[in-house]
Amino acid sequence: MLNLDPGMIIWTWITFLTVLVVLSKVALKPILATIENREKTIRNDLEQAEAQREEAQHLLEKHKEMMAAAESEAQKLLKEARELADKKRQELLEQARLESQKLIEQAKAEIQHEKESALASLKAEVADLAIGAAEKIILHNLDEKKQKAIVDEYIKSLPKNMNN
Amino acid sequence: MATMSSADTLSHAANENVGAWIQHHVQNSHAWHVFPGVEIELPHIHPFHFLGMNIDLSITNHLVMLWVVGITLFFMFYAARKSYEKYKLVPKGFAAILEIFVLFVRDEIAIANMGEEHGKKFTPLLITFFFFIWISNMLGLIPMFSTPTGNVNVTAGLALITFFSTQYFGIKEHGFLGYYKSLVPHGVPTLLSPLMFVVEIMGLIAKHFALTIRLFANMIAGHIVLFAFLGLIIMFKSYLVSPLSVGFGVFDYFLELLVAIIQAYIFTILSALFIGMSINPEH
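Residue numbers (the numbering used here), protein chains in the order written: chain A, 2 to 165; chain B, 1482 to 1764.
Think of the hints as simulated: they come from the structure by calculation, not from any bench. All values reported here derive from a predicted model rather than from experimental measurement. Mixed in with the good hints, there may be bad ones.
Distance ranges between label pairs, derived from CB positions [to be verified]: (1) B:K1563 with A:E55: 37 to 47 Å; (2) B:K1563 with A:L47: 21 to 31 Å; (3) A:L47 with B:I1581: 13 to 23 Å; (4) B:I1742 with A:E55: 25 to 35 Å; (5) A:I43 with B:I1743: 46 to 56 Å; (6) A:I43 with B:E1654: 49 to 59 Å; (7) A:R54 with B:I1581: 52 to 62 Å; (8) A:L47 with B:A1698: 43 to 53 Å; (9) A:L47 with B:K1653: 33 to 43 Å; (10) A:L47 with B:F1575: 20 to 30 Å; (11) B:L1658 with A:Q58: 54 to 64 Å; (12) A:E55 with B:L1658: 33 to 43 Å.
Covered stretches of chain B, as calculated for chain A (at least 3 residues, CB under 8 Å) [claimed, not checked]: (13) 1554-1561; (14) 1581-1594; (15) 1607-1617; (16) 1631-1642.
C-beta: ideal position from N, C-alpha, C; glycine also.
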C-alpha cells in the first residue's frame, strides 16, 4: 500500500496539470470573469440606486422647501391685500361722512337763508295788508261795534299760521 | 469497482484470507475490472532508470481513474460555461450548483487565506484541486471504478504540486534568499537562526507529508472498513450477519460521501494556506 511508485507520481502530475490548464482555459477563467463581471454590475447598480435615492431625497426636500416658501408668500400677500382693503374702506367711510356733514351744513345754511328772506317779504306784506285794512275801516266810517267785527273778520281771513 | 466486482471475487477468495482480498481491492493494478469477470488489461511500458529511481510509466488502474476524473471535470465545467453563455450573467441548473462551490473556493478558501489579490490569481488552481480530489474521492463509491486518491503516490503527487507551488511562488515573490530568510520567523535571536531554519525546513516537509498521508489514509481507510464489513459475511460463513454487514456498509458508504468532500476541502484549504504563507510570511 505504501510502496513508492515514481511513475504514478509523474502520471499524476501530467494528468493534474493537463486538467488544470485545460479547465482554466476552457471554463474556469471565463466563469470567474463572468462572476466578477456580475458582482461588479451588482455593486454598480446598488451604488447607482443609492445615489439616485439620495438625489430623490434631496429633490423632495427642495420641493418641500419651495412649497413652504410659496405658502408663506401667498399668506403674506393675502394679509397685505386685506390690510389695504381695510384701510381703503376706512378712508372711504371717513370721506363719505365728511361729505354728508358738509351737505347737511350747506342745507342748514340754505334753509336759514330762505327763512330770513321769507320773513322779510312777509313783513312787507303784513305792512301792506295793515294799511289796506286801515283804509277800509276809515272808508266805512264805522262804529266801534262794526269796527271790531271787521278787524276780526280780517284777522280770520289771514292764513292761520302766520303768528311769527 | 467496489461491490459489484467484489461478488465475483468472493467466490474465488471465499476460503482465502479476507485480509488479502481487501488488500487486493484497494491496491493499484494493471487492469481495469469493468464488470465481474471482465477485465481490461492495460498497456505495460518498460520501466527505465532515472536519477537512481526505477520509473515505471505503465498505465495502471488508478491512472485510468484519474483520466476519468479529468474528463468528468472537463464536461462538468464545459457544460457550466455553456450555461453562462446561454443565460448571460446568471446561470441556471447545474451551473448554478457548481457556482456555489466555485464561489466558496474563491471567497472562503482562496481570498480568505491569501488575500484579495493573490487569492484571485490562485483560484483556478484551488478550484481544480478541490474538484479533482472530490471527484476522485467519490469515484471509488461507484461500481467499476476505484479511488485514485486511495493511492499514496497520487496524493503525494498532489501534495508535491502544492509544495512546488509554495517554493516557486515564494521565491518569485521574495527572491531566492529573501524567501528562505522569511522562513525563519521575526524576533528569533541571530544565534538561533540556523537552528530555526533547519526546523522550519523540516516543518515544511512535514506539512506536505502530512497533506499526503491525511488524504490517502482517509480515503483508503473508508474503503478498508467497507470491505471489512462485507468480509465479515465470508469470515462467519453465514448469511445471518449480512443485514448487519450491509447495514454498516451502507452507513460507511454515506460516511464516505461526507469524508470525500471534507477531505477535498481540507486539502484545498491547506494548500491555500501554505501557498499564502509562503507569499505573505508575516501572516
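Status of each hint after checking the structure:
no. : hint                           : verdict
1   : B:K1563 with A:E55: 37 to 47 Å : 41 Å, holds
2   : B:K1563 with A:L47: 21 to 31 Å : 29 Å, holds
3   : A:L47 with B:I1581: 13 to 23 Å : 22 Å, holds
4   : B:I1742 with A:E55: 25 to 35 Å : 45 Å, violated
5   : A:I43 with B:I1743: 46 to 56 Å : 31 Å, violated
6   : A:I43 with B:E1654: 49 to 59 Å : 32 Å, violated
7   : A:R54 with B:I1581: 52 to 62 Å : 31 Å, violated
8   : A:L47 with B:A1698: 43 to 53 Å : 47 Å, holds
9   : A:L47 with B:K1653: 33 to 43 Å : 37 Å, holds
10  : A:L47 with B:F1575: 20 to 30 Å : 28 Å, holds
11  : B:L1658 with A:Q58: 54 to 64 Å : 59 Å, holds
12  : A:E55 with B:L1658: 33 to 43 Å : 54 Å, violated
13  : 1554-1561                      : holds (count 5)
14  : 1581-1594                      : holds (count 3)
15  : 1607-1617                      : holds (count 3)
16  : 1631-1642                      : holds (count 9)
Hint compliance for this structure: hints 4, 5, 6, 7, 12 are broken, all remaining hints hold.
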